[in-house]
Amino acid sequence: MRLVGVHKSYRPAPVVLTGVDLELEPGVPVVVAGANGSGKSTLLRIAAGCDTPTAGSVVDRPDVVGYLPDRFPALLRLPARRYLRHLAAVHGADREASEQTADEVLDELGFTGEDDEPMSALSKGNAQKVGLAQALSCDAELLVLDEPWSGLDADAVDALTARLSGVDVPMLLTDHTREADRLDGVRIVGIRPDGRLEDEAPPAPVRRSRRVRIELTCRADPRVVLDGLPPARVDALAPGRMTVVLHPRSSDAWLAAALAAGCSVRSVTREEA
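Take 1 as the starting number for the sequence shown in this note's numbering and just add one per residue.
Check the hints yourself; a few may be wrong.
Pairwise CB distance ranges (calculated) [claimed, not checked]:
(1) T54 to A256: 37 to 43 angstroms
(2) P73 to P202: 31 to 37 angstroms
(3) A253 to E104: 56 to 62 angstroms
(4) V224 to E104: 22 to 28 angstroms
Quick caveat, the hints were computed from the structure, so don't treat them as lab data.
Each residue gets a CB set at the ideal place from its N, CA and C atoms; glycine is no exception.
Turn these sequences into a full structure, and let the hints guide you.
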């Protein structure tokens, strides 16, 4: 699939994309980088067919696109698996195969929602896992994923990276976590302030199996504190104390949030997963 001379502007706002030429092919995941508001999500919506360019064209877009938007519609009354079955039917995917793949993805990512729990009641992390399951289970010939690692705990981060590493269709992503650097053959393109694309330096090699273990004490009930913090894998929980395991890329932000919530650090250790 190719984007040819794609231009996008919103009147009276300034131009967002200018003369974007981009080819997507299997085995070369393309990560779009740029500042907030630079047009990353706009570019992905155009690639997925959810928005149209002001000028230029998208050539050879496949009929079925697995798309995870930047704002996944999680405030729905449908339970997750009914929602996934509905979308599979919309895509015309084989129901049995689609359900099997969706179940595999949910299991791999550690989905913990109940079968009859409405989407609107899911945590941010569980809702993200449902969004990923719908994108990855429709037998898509193109994947367009806007911040797929956002909101995932450390185990789910690794599971998603492993799943995407085995994908053999073209893939276009945004990723502020830099987890996509671990994908083989990844190409990074940046959106310049003038709306044009430019290739960025290839990522440095990333260790695949590092973890950060953080032990904290809490004045409040640790379970209540955890509800207000970003997702993390809880390794131990006791009155006034908890231990979590995080991916290195998310550990600093998580720790800052925990300290702001009144926790104190007992230890921070880096270890092999």
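Structure-based check of each hint:
Between T54 and A256, the C-beta spacing of about 40 angstroms keeps the proposed range 37 to 43 angstroms intact. Range check, P73 to P202: Cβ separation about 35 angstroms, and the 31 to 37 angstroms hint holds. Roughly 29 angstroms separates the CB atoms of A253 and E104, a value that falls outside the hinted 56 to 62 angstroms. Judged by the Cβ atoms, the range 22 to 28 angstroms given for V224 and E104 is violated: they are separated by roughly 33 angstroms.
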